[in-house]
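Starting from the structure of chain C, add chain R where the hints point.
Residue numbers (our numbering), protein chains in the order written: chain C, 246 to 343; chain R, 12 to 609.
Among these hints, one or two may not hold up.
As the list claims (entries may be wrong) - Far from chain C, by Cβ distances over 10 Å, these chain R residues were calculated:
1) A45
2) E66
3) I183
4) N200
5) H354
6) N452
7) I468
8) L473
9) I474
10) K493
11) Y534
12) Q552
13) N571
14) K591
What the hints assert, rightly or not - With the Cβ distance kept under 7 Å, some of the chain R side facing chain C (calculated, not the full set):
15) F594
16) F597
17) L598
18) L599
Claimed, not checked - Interface residues of chain C toward chain R, partial, derived using beta-carbon atoms under 10 Å:
19) S260
20) I262
21) L265
22) I266
23) Y267
24) R268
25) L271
26) S274
27) L276
28) V335
29) Q336
Don't read these hints as lab results, they were simulated from the structure.
Glycine residues also receive a C-beta, built at the ideal position from the N, C-alpha and C atoms.
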Amino acid sequence: MPYIYINIILAFVISLIGTLIYRSHLISSLLCLEGMILSLFTLNALLSLNINFTLSTIVPLILLVFAACEAAVGLALLIIISNTYGLDYVQNLNLLQC
Amino acid sequence: TLTLTSLIILTLPIITTLLQNNKTNCFLYITKTAVTYAFAISLIPTLLFIQSNQEAYISNWHWMTIHTLKLSMSFKLDFFSLTFMPIALFITWSIMEFSLWYMHSDPHINRFFKYLLLFLITMLILVSANNLLQLFMGWEGVGIMSFLLISWWHGRTDANTAALQAMLYNRIGDMGFIMMMAWFTIHLNSWEFQQIFLTNPKNTTLPLLGLLLASAGKSAQFGLHPWLPSAMEGPTPVSALLHSSTMVMAGVFTLIRFYPLMENNLTIQTSTLCLGAITTLFTAICALTQNDIKKIIALSTSSQLGLMMVTIGINQPHLAFIHMCTHAFFKAMLFLSSGSIIHNLNNEQDIRKMGGLYKTMPITSTAIIIGSLALTGMPFLTGFYSKDPIIETANMSYINTWALLITLIAVSMTASYSTRIIFFALLGQPRYPSLAQINENNPYLVNPIKRLILGSIFMGFLISMNTIPHTTPQMTMPPHLKFMALAVTLLGFTVATELNNMTHNLMFKQPSRMHTFSTMLGYYPTTIHRILPYLSLTMSQNLATTIMDSIWLEKMIPKNLTTMQKTAASLVSNQKGLMKLYFLSFLLSITLGLLIAL
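Chain C with its partners taken away, still in its complex shape:
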């Protein structure tokens, strides 16, 4: 497997671990989510260019669109949590259940 793919997949795995393990702030999880999406995007773009399959150049674009929506939803959730609790500490999430 070419070296570059391994590089990017490694970036993806590191971001995944970063998403799942975080200490206190919720926003760090969201940042790592963005990193995952970035690495996936780069992987897709390079793959369709190297294999010369030009029909699949649309796939990174669609991925980008859905990533934008998802980031917006994530930020909205963050804001609602911040509105009810004041901070985005993860310990708060079991205190006031609505």
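Chain R alone, transformed into the frame defined by chain C:
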């Protein structure tokens, strides 16, 4: 010769407005003498017409041609316009002389005279127009001048609202006028009267309905009538000129002009008849208990206009025209004498505060008595020559009995409210404060009233003797119908005298329901003026704010979705929210799976 003289008549007043010298004192006298000479000159074509019965159409300036429609400036001098122009000029002359006395202390009296002159010019344009465009220009001009003159004392909010009311009601009528013009353009390709009458189209209901709406707006028929009593906020010369003799005649005049089309259309005749009958009765009922002398006279004008509509409805336009001409005289005189009373009693307009003027103001009280008698159709005064033939013809025609009965009741009410004015203003003991100085010595006050008295007495005879009847008048009828008009008038007189004498002795504690109906003008302004704006505003509020903004954009999808999801989530899940633990177990299971697979 006819052409030159008539054009000179129209341009003489115009020349005086072109000399815009507002600073000099003699602008007023120049205007008055211009109108006097215009009146004298206008008698020449009229006399020529009486002698030769030859109508003339003058079409001189070709303005433009729009596709196949030729618009030019043309004047029609037939029986109607040639008879009406001298009368309008005579009355304007008298009113201008009167307003030299009435508006003497007004700093803007030059502007007042300019407005009166502009009004006269637009009225003459309306009367002598041969095509609908010119008539429409006169129509609009008259409306604008009415607005400017009613709000003459524009510091008073009541005057401003009354002027706006007049403008709006006129506008509603104008819609009908424009519809009629559009119909004629589409179907007959012309706006000239000759072409319209020659082609004589068969299905004229729609444009004539438009014309009826326009006349109802201009002449204050029922449904579009409240502006006329409110228009009494203007100065008395304005009321005398506009709202008694000339402007409110514009609607009836246009209806009379279209009589060849209306002869063939029975639907329009019936609707004109019913509208006129309702107007007559309604405004006469309202005039019975008003306390402001100008409002009584204004409602009396409205009632007489309804009578003219009734006459048109029984297919007698010439009788309506003669009644219009004679009515101008005595109504203007009634207004002028009421103006003289108001000024002499120091701006007192309430008849409950007048009285005993019979001895102190002899000329004015003579004028009021003669005017009221002429109005009610006393035999051999002016009103008799126009009103009696109307009632006789109405009795003998094949018309709706209900309309006929209502007209007769309204005629008796005419006598009643005229008696009320005479009783409260002239007879009895004075009820005004005794410091009022009553002075009738100014010739500017006395001469117009004297001229109009002469006109009220003799004009009916002169006009009816000098015109050739276009339809055969009713000659034979049973005696009880012949005396009907006189009988109902006498009935009105006696009943009113009895009731008014009773007010010396009896007093009722609380007005009965009929009394408040009449005093509040039939509740029509109170209801309609509030309901119509309220309905349209709530409808627009419902459409724009409630439906669009609140429901569709805000509540339907976003808020509903959030509440649904929240209730569902809180019902279904029983998580404890330990996020880090869940994520760690996820990571652990993924690594374990990868390790086992590899």
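Status of each hint after checking the structure:
No beta-carbon of chain C is positioned within 10 Å of the beta-carbon of A45(R); the least distance is around 80 Å. Taking the minimum C-beta to C-beta distance to chain C, about 83 Å, the non-interface status of E66(R) holds against the 10 Å cut. A cut-off of 10 Å between C-beta atoms confirms that I183(R) is not in contact with chain C; the least separation is 54 Å. Distance check for N200(R) against chain C: the nearest CB is about 62 Å away, which clears 10 Å, and the non-interface claim stands.
Distance check on H354(R): its Cβ is at least 75 Å (rounded) from any Cβ of chain C, clearing the 10 Å threshold; non-interface status holds. Interface exclusion of N452(R) from chain C stands, the closest Cβ pair being 88 Å apart, more than 10 Å. For I468(R), the condition that its CB be more than 10 Å from all CB atoms of chain C holds, with the nearest at approximately 91 Å. At roughly 91 Å from the closest C-beta of chain C, the C-beta of L473(R) stays outside 10 Å, upholding its exclusion from the interface.
At roughly 87 Å from the closest C-beta of chain C, the C-beta of I474(R) stays outside 10 Å, upholding its exclusion from the interface. For K493(R), the requirement that its beta carbon stay farther than 10 Å from each beta carbon of chain C is met, with the minimum near 93 Å. Y534(R), annotated as away from the interface, keeps every beta carbon of chain C farther than 10 Å; the closest lies near 57 Å. Non-interface call for Q552(R) relative to chain C: holds, since the shortest CB-CB distance, roughly 33 Å, exceeds 10 Å.
Non-interface call for N571(R) relative to chain C: holds, since the shortest CB-CB distance, roughly 17 Å, exceeds 10 Å. Against the 10 Å criterion, K591(R) falls within the reach of chain C, whose nearest CB is about 6 Å from its own CB. Taking 7 Å as the C-beta cut-off, the interface hint given for F594(R) holds, the closest approach to chain C being about 4 Å. The beta carbon of F597(R) comes within 6 Å of a beta carbon in chain C, closer than 7 Å, and the hint placing it at the interface holds.
Because the smallest distance between the Cβ of L598(R) and any Cβ of chain C comes to about 4 Å, under 7 Å, the interface hint for this residue holds. The interface hint given for L599(R) is violated, since its Cβ lies 9 Å from the closest Cβ of chain C, which is over the 7 Å cut-off. The interface hint given for S260(C) is broken, as the beta carbon of that residue sits about 12 Å from the closest beta carbon of chain R, more than 10 Å. Nearest Cβ of chain R to the Cβ of I262(C): about 6 Å, under the 10 Å cut. The hint holds.
Because the beta carbon of L265(C) sits about 4 Å from the nearest beta carbon in chain R, less than 10 Å, this interface hint is met. Because the smallest distance between the Cβ of I266(C) and any Cβ of chain R comes to about 7 Å, under 10 Å, the interface hint for this residue holds. Hint status for Y267(C) relative to chain R: holds, with the closest Cβ pair at about 7 Å, below 10 Å. Look at R268(C): its Cβ gets to within about 8 Å of chain R, closer than 10 Å, so that hint holds up.
For L271(C), the shortest C-beta to C-beta distance to chain R is roughly 8 Å, which falls under 10 Å, so the interface hint holds. Taking 10 Å as the C-beta cut-off, the interface hint given for S274(C) holds, the closest approach to chain R being about 8 Å. Hint status for L276(C): violated, given a least beta-carbon distance of 14 Å to chain R, over 10 Å. Checking V335(C) against chain R by beta carbon gives a least distance of about 5 Å; that is within 10 Å, so the hint holds.
The beta carbon of Q336(C) comes within 9 Å of a beta carbon in chain R, closer than 10 Å, and the hint placing it at the interface holds.
Violation of the numbered hints given earlier is confined to hints 14, 18, 19, 27; the remaining hints are satisfied by the structure.
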